[in-house]
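A.B. asks: Throw the hints in and build the complete structure from the sequences for me.
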Amino acid sequence: MGSIVVDVMLKPEILDPQGQAVAGALPRLGFDGFTDVRQGKRFVLTVDGDVTDEHLGAAQEAAEKLLSNPVIEDVVSVHVLEQDSAEQDSAESDAAASEDGEQ
Amino acid sequence: MRVGVVTFPGSLDDRDAARAVRECGGEAVPLWHGDDDLKGVDAVILPGGFSYGDYLRCGAIARFAPVMDALVPAAQGGLPVLGICNGFQVLTESHLLPGALIRNDHRKFNCVDQRLVVENASTAWTSDFEAGQEITIVLKNGEGGFVADEKTLDMLEGEGRVVFRYVPDAEGRNPNGSYRHIAGITNERGNVVGLMPHPEHAVEEGYGPSLDGRGFFTSIIKQTLESAATA
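Each protein sequence line maps, in turn, to chains A and B. So for the first sequence, the working numbering puts the first residue at 1; every next one is plus one. So for the second sequence, the working numbering puts the first residue at 1; every next one is plus one.
Mixed in with the good hints, there may be bad ones.
To be verified - Interface residues of chain A toward chain B, partial, derived using beta-carbon atoms under 10 Å:
{"no.": "1", "residue": "LEU10"}
{"no.": "2", "residue": "LYS11"}
{"no.": "3", "residue": "ILE14"}
{"no.": "4", "residue": "ASP16"}
{"no.": "5", "residue": "ALA21"}
{"no.": "6", "residue": "GLY30"}
{"no.": "7", "residue": "LEU66"}
{"no.": "8", "residue": "LEU67"}
{"no.": "9", "residue": "ILE72"}
{"no.": "10", "residue": "VAL76"}
{"no.": "11", "residue": "HIS79"}
Claimed, not checked - For lysine to aspartate or glutamate, the following DMTMM-like pairs were computed, each having C-alpha atoms within a straight-line distance of at most 25 Å:
{"no.": "12", "chain 1": "B", "residue 1": "LYS151", "chain 2": "A", "residue 2": "GLU64"}
{"no.": "13", "chain 1": "B", "residue 1": "LYS151", "chain 2": "A", "residue 2": "ASP53"}
{"no.": "14", "chain 1": "A", "residue 1": "LYS65", "chain 2": "B", "residue 2": "ASP35"}
{"no.": "15", "chain 1": "B", "residue 1": "LYS108", "chain 2": "A", "residue 2": "ASP36"}
{"no.": "16", "chain 1": "A", "residue 1": "LYS11", "chain 2": "B", "residue 2": "ASP154"}
{"no.": "17", "chain 1": "A", "residue 1": "LYS65", "chain 2": "B", "residue 2": "ASP69"}
{"no.": "18", "chain 1": "A", "residue 1": "LYS65", "chain 2": "B", "residue 2": "ASP37"}
{"no.": "19", "chain 1": "A", "residue 1": "LYS65", "chain 2": "B", "residue 2": "GLU188"}
If you're looking for bench data, these hints aren't it; they were derived computationally from the structure. Beta carbons: idealized from backbone N, C-alpha and C, even for Gly.
C.D. replies: The structure is reproduced here in structure tokens:
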């Protein structure tokens, strides 16, 4: 089973009140070095079997039609969730942790 | 005169909108999000609320409800449609109206009696007002900041498609950070109108800040009766 990641961000010129709220909270925790925060959305679309070009094309279309609003947002990335990548490692370790929890 | 009021999962003000239609002399017809049937109504209201929990983006999932498959082409063909609050968000997500609504710039939920200036009194929903008239109706939203690129904003203003503007406060601010104080807009033809404030909460003595909301409903009722008489 493969997965596709779709990342969506507000366009740079659109105000991001949520990002601003996060930016306001960071210094209170001692994180003083960040001058701006923009908050986006990540979707993980899972398919049966390996991800094909057709799946990727459909994901791109879905990203433009439903997952983002082109008036205010950009689809910044549509890519296969790689088995060996850090994001997959992190997903696997989360899964392992929850399995441990069940036992 | 039959005005359809759509109920989506999470709609909040559908009953108030239907009541406002009846108070102003029309017949309110309930329409269901899951039916691609407009039941032959003369006009449609998309009400306020939190359709589909406002998940993904406000109005984004409602836009693909079966009833919208019937409504979008009908609106493009001239059927009068009024989107109030969440309904306005559905209209922008449907691209029946340009721009988008984002979270209020101050990040707080608004619930206020709001002064507006009617800038365009020639749409299907505003003909009972005078251009330049000031009205006060309820505004209640968390994501009511109207945004669009400069070109679109210039186009809306140039074509007289800004229907309502917020009266800014003493510091020159409007209640949600809307660009150019825009509270409501219309399409090129003037049959589709969307606004964040709620006319349906200002139609009855003793409830709401005024009776200024009645003009929306009397406008559409009169217009439909007149066009029926000349047909």
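A.B. asks: Does HIS79 of chain A pass the interface check with chain B, least Cβ-Cβ distance below 10 Å?
C.D. replies: violated (20 Å)
A.B. asks: Between the alpha carbons of LYS11 of chain A and ASP154 of chain B, is the straight-line distance 25 Å or under?
C.D. replies: Status holds; Cα separation ~19 Å.
A.B. asks: Checking one constraint from the list: CA of LYS65 of chain A to CA of ASP37 of chain B, max 25 Å. Satisfied?
C.D. replies: The hint holds at about 24 Å.
A.B. asks: Holds or violated: are the alpha carbons of LYS151 of chain B and ASP53 of chain A at most 25 Å from each other?
C.D. replies: Judged against 25 Å, a Cα distance of about 36 Å means the pair is violated.
A.B. asks: Holds or violated: are the alpha carbons of LYS65 of chain A and ASP69 of chain B at most 25 Å from each other?
C.D. replies: holds (15 Å)
A.B. asks: How about ALA21 of chain A: closest beta carbon in chain B under 10 Å, or not?
C.D. replies: The hint holds - ALA21 of chain A has a Cβ within 10 Å of chain B, the shortest such distance being about 6 Å.
A.B. asks: Would you check whether VAL76 of chain A satisfies its interface hint, that is, whether its CB is within less than 10 Å of any CB in chain B?
C.D. replies: violated (16 Å)
A.B. asks: Would the stated hint for LYS11 of chain A survive a check requiring a Cβ distance to chain B of less than 10 Å?
C.D. replies: LYS11 of chain A check passes; min Cβ-Cβ to chain B is 9 Å, inside 10 Å.
A.B. asks: Quick one, is the ILE72 of chain A hint okay against chain B at 10 Å, beta carbons?
C.D. replies: holds (5 Å)
A.B. asks: So if I understand the rule, the pair passes when the alpha-carbon distance is 25 Å or less; does LYS65 of chain A with GLU188 of chain B pass?
C.D. replies: Roughly 23 Å separates the two Cα atoms, so the pair holds.
A.B. asks: Does the closest beta carbon of chain B sit nearer than 10 Å to the beta carbon of ILE14 of chain A?
C.D. replies: holds (6 Å)
A.B. asks: Can LEU10 of chain A be said to touch chain B, with a Cβ gap under 10 Å?
C.D. replies: holds (8 Å)
When held up to the earlier numbered hints, the structure conflicts with 6, 10, 11, 13 and fits the remainder.
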